[in-house]
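FYI, the numbering used here numbers position 38 of the sequence shown as 24, with every residue one higher than the one before it.
None of these hints come from the bench; they were simulated from the model.
All C-beta atoms, glycine included, are put in the ideal place defined by N, C-alpha and C.
Do not rely on the hints blindly, as some may be mistaken.
Ranges between beta-carbon positions, derived for each pair [said to hold, decoys possible]:
id, residue 1, residue 2, range
1, Q61, S90, 32 to 42 Å
2, T82, F112, 18 to 28 Å
3, S(-4), R34, 38 to 48 Å
4, F59, S90, 11 to 21 Å
5, T82, P(-7), 25 to 35 Å
6, S(-4), R87, 31 to 41 Å
7, Q96, V67, 13 to 23 Å
8, F63, L102, 33 to 43 Å
9, F112, G78, 32 to 42 Å
10, T(-6), G27, 32 to 42 Å
11, M89, F59, 32 to 42 Å
12, S90, T(-6), 20 to 30 Å
13, V84, Q61, 13 to 23 Å
14, D35, F59, 33 to 43 Å
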Amino acid sequence: MFEFPYPTSSGEWLAFASAAATALLGLMLFVLPRLTLRAMGIGTVAGRDDAVAEIRSVMAGFLFAAGLGSIMFAQPFVYLVLGACWAVTVLGRVVTAVVDRAMSRIQVLQTVIEALLAAGPLAYVF
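Full structure from sequences and hints, please.
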């Protein structure tokens, strides 16, 4: 029988919060892809709804499953993978800022949020 593994330490609560936020973001992208994209400062091209399919499948599905899986299994290695994924996302934003010179206020805000999402699980593991 499966029992929900409640976090017991403050570090584990940080990792749990990051996993819950990841799953919630994935769920938002799945249910409300256009609204979520507008809130992130990006959107789809008129007449091309293929982008919505990509958002729901690649972005939403991955984020929801990663977050929910981290919550369900609650193992340090699983939290390490979640934190590493968010850290590589931050690296991608930094590379984009340096190489492509694409840095707006929304990009800075998203970078900070993603760094916090990476910090929670990594702080718990290390």
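Hints versus structure:
In this structure the supplied range 32 to 42 Å holds for Q61 paired with S90, their Cβ-Cβ distance being about 37 Å. The given range of 18 to 28 Å is respected by T82 and F112, whose C-beta atoms sit roughly 26 Å from each other. Distance hint check: the CB atoms of S(-4) and R34 are about 46 Å apart, consistent with the given range 38 to 48 Å. Remark: the range hint 11 to 21 Å for F59 to S90 is contradicted by a beta-carbon distance near 36 Å.
Taken as a hint, the range 25 to 35 Å holds for the pair T82 and P(-7), whose Cβ atoms sit roughly 33 Å apart. With their beta carbons about 39 Å apart, S(-4) and R87 fall inside the hinted range of 31 to 41 Å. In this structure, Q96 and V67 meet the distance hint of 13 to 23 Å, their C-beta atoms being roughly 21 Å apart. Taking 33 to 43 Å as the suggested C-beta distance range, the pair F63 and L102 does not conform, at roughly 21 Å.
Distance hint for F112 and G78: a CB-CB separation of about 22 Å, inconsistent with the stated range 32 to 42 Å. Evaluation of the 32 to 42 Å hint for T(-6) and G27 yields a pass: the beta carbon distance comes to about 38 Å. Checked against the hint of 32 to 42 Å, the pair M89 and F59 passes, with Cβ atoms roughly 36 Å apart. Against the hinted window of 20 to 30 Å, the Cβ-Cβ separation of S90 and T(-6) comes to about 40 Å, which falls outside the hint.
Here the CB-CB span from V84 to Q61 is close to 35 Å, at odds with the stated 13 to 23 Å. Hint check: D35 to F59, Cβ distance near 35 Å, so the stated range 33 to 43 Å holds.
Violated hints for the displayed structure, listed by number in ascending order: 4, 8, 9, 12, 13.
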